[in-house]
Amino acid sequence: MNPTRTVTDDAIVELYWHRDETAIEQTHEKYGKHLYRTAYNILQDALDSEECQNDTYLAAWNAIPPQRPRVLPAFLTQIIRRIAIDRYREKQRQKRIPSELTISMEDLHESLQEDPAERSQWEAEHLGRILSDFLRKLPEREQHIFLRRYYFADPIDDIARTLGVSESTVYKQLTKLKKSLKSYLEREGVTL
Amino acid sequence: MTIELLEQALSCIDEDLIEKHAAMRYELSEQAQRPRPIITRRLRVLASCAACLLVACAVGIAIPLVQPRYSGSDSMNAAAGEALLGDSSHYADEAVSTVAGGTQPPSSPAESDGMTATGADMPITAEDIDSLDAYLQDLLTLLTKNYASSESIGAGETFTVIKNGYEHVTVNGDGSVTYNRNYLDLPVINPQGEIVAIITVYRHNGQLSCQMSHGGPNIEKLNTLLQQYAGQDIVMLYVGDFSEAAITPDGEIHFLTGSPSGFTEDLDYYSYYRREGNILNSDMLKPQE
Chain L
1 MNPTRTVTDD AIVELYWHRD ETAIEQTHEK YGKHLYRTAY NILQDALDSE
51 ECQNDTYLAA WNAIPPQRPR VLPAFLTQII RRIAIDRYRE KQRQKRIPSE
101 LTISMEDLHE SLQEDPAERS QWEAEHLGRI LSDFLRKLPE REQHIFLRRY
151 YFADPIDDIA RTLGVSESTV YKQLTKLKKS LKSYLEREGV TL
Chain X
1 MTIELLEQAL SCIDEDLIEK HAAMRYELSE QAQRPRPIIT RRLRVLASCA
51 ACLLVACAVG IAIPLVQPRY SGSDSMNAAA GEALLGDSSH YADEAVSTVA
101 GGTQPPSSPA ESDGMTATGA DMPITAEDID SLDAYLQDLL TLLTKNYASS
151 ESIGAGETFT VIKNGYEHVT VNGDGSVTYN RNYLDLPVIN PQGEIVAIIT
201 VYRHNGQLSC QMSHGGPNIE KLNTLLQQYA GQDIVMLYVG DFSEAAITPD
251 GEIHFLTGSP SGFTEDLDYY SYYRREGNIL NSDMLKPQE
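Protein sequences, first through last, are from chains L and X. As numbered in the working numbering, residues 1 to 192 make up the first sequence, in order. As numbered in the working numbering, residues 1 to 289 make up the second sequence, in order.
Chain L on its own, in the form it takes in the complex:
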């Protein structure tokens, strides 16, 4: 039996607080595979996913203290998801054809918006609040399926396997959820 499996989350957080570098080792031991899978769902690249893992450990090291996560796996998952999405966007940008047309169009697009970043953030926060309200109205199981698919980007077969149901059940549930979300957003006046 591997003794490191018995280390509690509180103990790991304490290690971070005491600036003990074994905190990273223990985090990797306990949550490494889980974090890797989260990054891989988004990036579909082993090397990139490993780099995201390392960046997550560094981010956790920098964040704790002063932060003291209530739920360590949730805290780490949120960090790695953000890092993986940033990396994904960066890769998407790099894939664009660097022609003058792309550059000029982006330049024009940016100049036509007053403050695109600010506006986009406001819209995202507004939509995020609506999504939260929508999720809170759902039974916990449906919330979980929705977030597993659309927040954590888990594959359908993985969701089905961990919930012990068939893939078609998950698929049907997601179809139903998407339909409900569409009606909900329309009722809330969101332009689709």
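Warning: the hint list may mix true and false statements.
Stated by the list, open to error - 35 angstroms max Cα-Cα, derived DSBU-like pairs, lysine-lysine:
#, chain 1, residue 1, chain 2, residue 2
1, L, Lys172, X, Lys145
2, X, Lys20, L, Lys178
3, X, Lys163, L, Lys176
4, X, Lys20, L, Lys182
Derived by calculation from the structure, the hints in this document are not laboratory data.
Guided by the hints, dock chain X onto chain L, whose structure is given.
Same frame as chain L, now just chain X:
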């Protein structure tokens, strides 16, 4: 709405929701990597064998007894009861006819005092079931005789007891869960794999006993559910006062006896799904060759 906006909006979902489901995701993923419950159960059976032997040496194993009682709404279990006593009027009272001075068992599993696998009331093991074998065979003979002219069984066919049954898990009024591992329900099936009766094996104050299920699930409803969700795990639960329910993989709750009451509406059924020991699956109900 652009994909970027959607991505950003998802990142703005309330943190408490994300925290809860991230933790749940991790737990479920860990659970899925653990051995299947049947293996865990076997290990538990092995681990408890030594303790059972000690208990058996100290107090002796009680001679199994039967108390045929039934829920009035359940015609199949009623018929099974009649097979045992011949006259349903004999088992209207709550008395238990004990052999070798057995003690009075609780009148129903839902009334038990939160018994868990401790002390004298150890979990029911495969060895316990084996020790009841001769008795179970007698029960089957009586049941078969009673059903001989019905559609459930043809000439020369017999019923089968499924010895890998399901444990009692009770959801209490405050939403907490009590594992009554000293109770095990064994479905009795006909050659078509349909349940015709349920035998409850239990240990109370160290004594091993069995009885036709009292207030157990409505068997017709249970069979319908098992057909509808063939090959899928169904979670069996006692909910509140005398109600037996099943949770299907789509998260729906089906009351097999009783009906939804105040607190049952607020239960988080999903969290009771995938519990160990109280799973029933149509694949378990295969007649022996």
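task = Just pull the numbers of the violated hints for me, sorted ascending.
result = Hint check: 1, 3 fail, others pass.
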